[in-house]
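Given the coordinates of chain A, assemble chain B onto it according to the supplied hints.
Those sequence lines, one after another, are chains A and B. So in UniProt numbering, spot 502 of the first sequence is number 502, and the numbers just go up one at a time. So in UniProt numbering, spot 134 of the second sequence is number 134, and the numbers just go up one at a time.
Worth flagging that the hints you see were computed from the coordinates, not collected in a lab. Predicted, not measured: the structure shown is a model, and the values here were computed from it. Keep in mind that the hints are not guaranteed to be accurate.
[Stated by the list, open to error] Computed list of lysine-lysine pairs in BS3-like fashion (alpha-carbon distance at most 25 Å, straight line):
hint, chain 1, residue 1, chain 2, residue 2
1, A, 424, B, 35
2, A, 270, A, 429
3, B, 35, A, 270
4, B, 35, A, 429
5, A, 424, A, 270
Residue-level listing of the chains:
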Amino acid sequence: MRPRRIARVARWEVSRSAGTVDRKTILVLVAMALLVGVVGVSVLGSGAGLEDGLYRVGVDADQSDGNPYVDVVESNPQFTLEETTYAEFAGGDSDADVFVDGSGRLGSDGTAKGDAAHTAFRDAIDRYNHDLMRVEVDEYAAYPVLVSIQYQQRSQTGASGSNSGSSAGAGSNAGDGSSGSTGGGSGSSDPSVSGDARTATGDGDGSGDSRLQIPDVGGGSLGESVDAGTPGAISPPFPFQSLVLAFLFVVPMNFVIQAYGSTIMDERIKRRGELLLVAPITSTEIVAGKTLPYLLGVLGIVAAITVAIEGGLLSVLAALPIALLFLAATFVGALLARSFKELTFVTVAISVFLTTYTFVPAIFTDVTPIALISPLTLIVMDLQGESATLGEYLFSTGAFYLGSLVLFVLGIGIYREEDLFTQKPIPAKVVDALASRIHGYRHVPLLSILFIPFVFAGQLLAVALLFALPAHLALPILFLVISVLEELAKSVHVYAGFARSRFEASLGTAVVVGTLAGAGFFVGEKFTHVVQFVGLPDLEIGLAAFGPALSTEPLVLAVLFFVPLVLHVVTAVISAIGASRGRTGYAIAFTVAVLVHTGYNLGVIGLVS
Amino acid sequence: MSRETEPTSPESSTASTQARLAIVRRELASLRSEKTIVLAIGIQLFIALFSSFLVVGLVSLYDPGSVDGYEMTVAVTGDDTDELLAAANEQEGLETRTYADRGGAYAAFEDRSVAAVLDASRDAEGRLAVRVTAPDEGIGTTLLIVQLRDTLETVEHDERRANAESGRLESAPLSMPEAAGASPYFGFTYTILIPLLCFLPVFISGSIAVDSLIEERQRATLELLRVAPLSLADIVDAKLVATAALAPIQAAVWLVLLAWNGTPIVHPSALVALVAALAVLVVGLGMAVALTSPDRRQAQLLYSGAIVGALIVASVLPEHPANTVAKFAVGSATATTWLLLAVYCGLGVAAFLALRAGVDRLNPDAL
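Isolated chain A, as found in the complex (with noise of 0.2 Å):
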């Protein structure tokens, strides 16, 4: 690895990109952003009008002059007026969803569009009213209720007499003093926050740096905040604002993707790659130099959004880690994909599922701990004017940063002639990639570390998708999706080493290698548990999704310790003989391997509970 090879690819292929594009596709699109900016702004106004004309209103033919309710119809775009009378509408003669006569007696005609055409209505005449309201003169009358909302944080000490009125907003947990810890999202490590307050006086946004004690009751400002304090300006206590920003930081990096996704690519077509192989460098090199441009294009785009929106240096550091893996992912994506259509998809894949990953749990950044999975979350924090400490960042980015770095090394792996320009099928080129990092024994504990990243995320969007399901249904599901995720952890390399005839196809060596990739596994994951606890010392949730329940016994903690170590190694060396045998011997191998392991999970539970 030497810089200055690196910057060579890296001008090399920003002056190559530069070149491609022609004078036509810059007008072309020139042309289409003005004129999507012009009806954009003129249209901003009044919204994409998705709703519009979906519900139709009965109405009294003979009667809608008297109708108040007509001008509620027509001020919304919502409804169209239906003339009709209350006996053709009773009769299902009408086509209206909906019957509103002069008094406010609103009938739906009994279908799930006519409720779902009441509830809307209703909303619709709560907003005219509003609208009235807002051209009254005296406006003292007009908002004759005034709201102001003091959250406290209430002692811990009082939980043990807590009752059925507070239990639900305590959480679960609420007996061992431990709920509080879904504060502001730093928890109840922060020493400071008993007898801490945080006023919000309901406008709308974050409320993360207004710490005044004293209410502001609205009485002064009449100018621009009519509406604060009013019931209808109360917005719970959700991160909205700061989440769509957070947003931001997302979008440009899937276009970016796109452009980085077609340029490894068009290396593989015609054999173009080549000349970049021949040359005196290594491949690192030359993905290092290839990727840099647009690494460093992402962060400038980012550090443009941070100054936009008036983020900070946490906000970059945050999105840094994304657009790694945003990058890594597709860098693999590209390396495997046979066509261009692929590539499509596996970039849309890419794009669909990191951003859920990474804006899902962001959603939940003042619920619970668990949102640092997301670095989004650090965002989010960033932006309602927190902070986060050392550990939350290593908790939040280390997954991200780990995972991206093992696709890149194994991405790496498989840059070289006989992958690059052949048709393999995807799975042979998977093989190869890990083969390509198996040069002995010490490397197999190593990958299975290393694979825990994907382990874990993969088993987070487990519990989310299953999340939905019964109970009773989900969690055999879940240990079954848990099991195969971590089976195949500590099995995939060795076979693939086995495979590329790394290791000597012997018994001997299959359960010397099964050990060893179990024993990795089982480190890995402990070493994961301790930066948990160094990290997030209040995240209970984790350790109970993904460790052991602590006893205060010494023996049974001892046992409890090893084990899974136990399990791991056995359910390793299982597959690792049949990963011996071939791809047949495998997978047998592999699904007993499975059944073992989600029976001892069935079991442990069985046995806790």
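Same frame as chain A, but now just chain B:
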């Protein structure tokens, strides 16, 4: 050049049809062998799941009534509590406990026997000032605040009507009808989810078309294809048919699945026709981009830029296409909606003919 000898006799026209069918089959086979279509459907499913997951989550945040058996007790104190109490007791899931002195209320809040304290009193202008003290406890607080907001809005509404009767307001607020138990997901399903599921296959088909043609050009396999007894226009046609046909099929499957899941679709055939017309239009656009752009990066950039742009520019239509889909699905179609469907079908045919004419004028050797 094959296109100079355009086949006219019946035997050669069947041969030409067979040759086109062969290209269609080849196109579909490449999608199947790469499992691209599986990935495409997987992505659509994931997007639909994800957006539904978000909506269900957000709705239950903003409409805690949909969470069963949810009861919270709040303390009410202050000088003027009658209206607040009346409104709070009508609110489902909210119980009140009255405290004569403020200290008692805050003590009850501190020892967790009440979830929040509402301190109501009149200010100098006759307004009801309510001071809410809520715990800083995450999701539970969110639910509580939403409940309290509804209660306070009821109080506000009652106060306004009283003010209107005493002549302080020029126009009285309209009285609110009783709330009905409607599915909170109804609007989302018809205005977001169904348009999404109808349009995603169209955009994906267009993207496949761009990639497929650009790749044949870059790998120089288009050269090989043109050895077949077909003109370039025939090849482009066959590719267009193969990729555009995928979209209405996928949309139809989504609609069947939705109907099967209890979301009735009123005009399914109109929707499938709409998707087919848009697919021909969009795939035609993709083909045109792929034939004129120098490489894939620019083709994809132009194509996705054009799609995003078209979606925004479509707002100037009397109905946004997504709105048209929603109206067909929910059964609120008007004359405009049907007219727009006819226009889209016409545009699809026009795009097909224009592409054909354009390709005929193109020099195949320059590609």
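Hints and how they fare:
1. A:424 with B:35: 15 Å, holds
2. A:270 with A:429: 19 Å, holds
3. B:35 with A:270: 23 Å, holds
4. B:35 with A:429: 16 Å, holds
5. A:424 with A:270: Measuring from Cα to Cα gives roughly 15 Å; hence the hint holds.
Every hint, counting from the list given before, is met by this structure.
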